[in-house]
Amino acid sequence: MSFREKSTWISFLLTLVGFGFYFVSVLRQLIWPVHPHRNFFMLFVALLLLIIVLNVVLHAIAAARAPADARTPQDERERMISLKAKRPAFYVVMTGSFLSVGIIHLNVGPWPIINAVLFSVWLGQLTNYGAQLYYYRRET
Amino acid sequence: MAIINNIRRLRFEHGEMTQQALAERIGVTRQTVNAIEANKYSPSLETAFRIAAVFAVTLDQVFQHQPGAEPP
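Going down the list, the protein sequences come from chains A and B.
For the first sequence, position 81 (counting from the first letter as 1) is numbered 1375 according to my numbering, and the numbering increases by one without interruption.
For the second sequence, position 21 (counting from the first letter as 1) is numbered 76 according to my numbering, and the numbering increases by one without interruption.
Do not rely on the hints blindly, as some may be mistaken.
[As the list claims (entries may be wrong)] Here's a subset of chain B near chain A, in silico, CB distances under 8 Å, partners left out: (1) H69; (2) G70; (3) V83; (4) Q86; (5) Y96; (6) S99; (7) T102; (8) A103; (9) H120.
Everything labelled a hint here was simulated from the structure, so no lab data went into it.
We treat Cβ as the ideally placed atom computed from N, Cα and C, and that holds for glycine.
With the hints as extra help, turn the sequences into a complete structure.
Right, here's the structure in full:
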């Protein structure tokens, strides 16, 4: 497995688990309201920082295990995979964003709308990483 | 129409050159050389010419059309 594929796996799993935890917490709040909303903003910021730190640490470990591979610049196939993966991700983000705008008509306030947009971005990013992993696996 | 290639044979004929060595000479990753060899990825013209230059052969001695076959 190339360094770039490992890198995509790291980002995919951290995004899935990290923000997955956040959205499960938000969903629980919507079903059984117990905490004030501002706690979720802090949770989001804390998870974002944790994901960034873990990304840096895990990428450093992966790079240390294959330094030559990590130093190699992205080649034409990897660039193509990256571009191809953005296409389905774009549709996911656009669809999610338009659906999020539709929530305005439910008169639920800004907090659910913000989370719906964030959820769309999260799904879009997971689609982007997932599609990259699919193309890496298919062409190896 | 798919494109097939003789890279594996050419590597063997050039002192059993490794995929990594070929990858370094043409400026791609080993995984990309592997994908090209397996006919799972068609390289750009620039890379195709670089591969031919490494083996000192013409482009059609490395890559051939295979009419009727589906591309990867």
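Checked hints:
no.: 1; hint: H69; result: violated, 21 Å
no.: 2; hint: G70; result: violated, 21 Å
no.: 3; hint: V83; result: holds, 4 Å
no.: 4; hint: Q86; result: holds, 5 Å
no.: 5; hint: Y96; result: holds, 5 Å
no.: 6; hint: S99; result: holds, 5 Å
no.: 7; hint: T102; result: holds, 6 Å
no.: 8; hint: A103; result: violated, 11 Å
no.: 9; hint: H120; result: violated, 20 Å
Consistency with the previously given hints fails for numbers 1, 2, 8, 9, ordered from lowest to highest.
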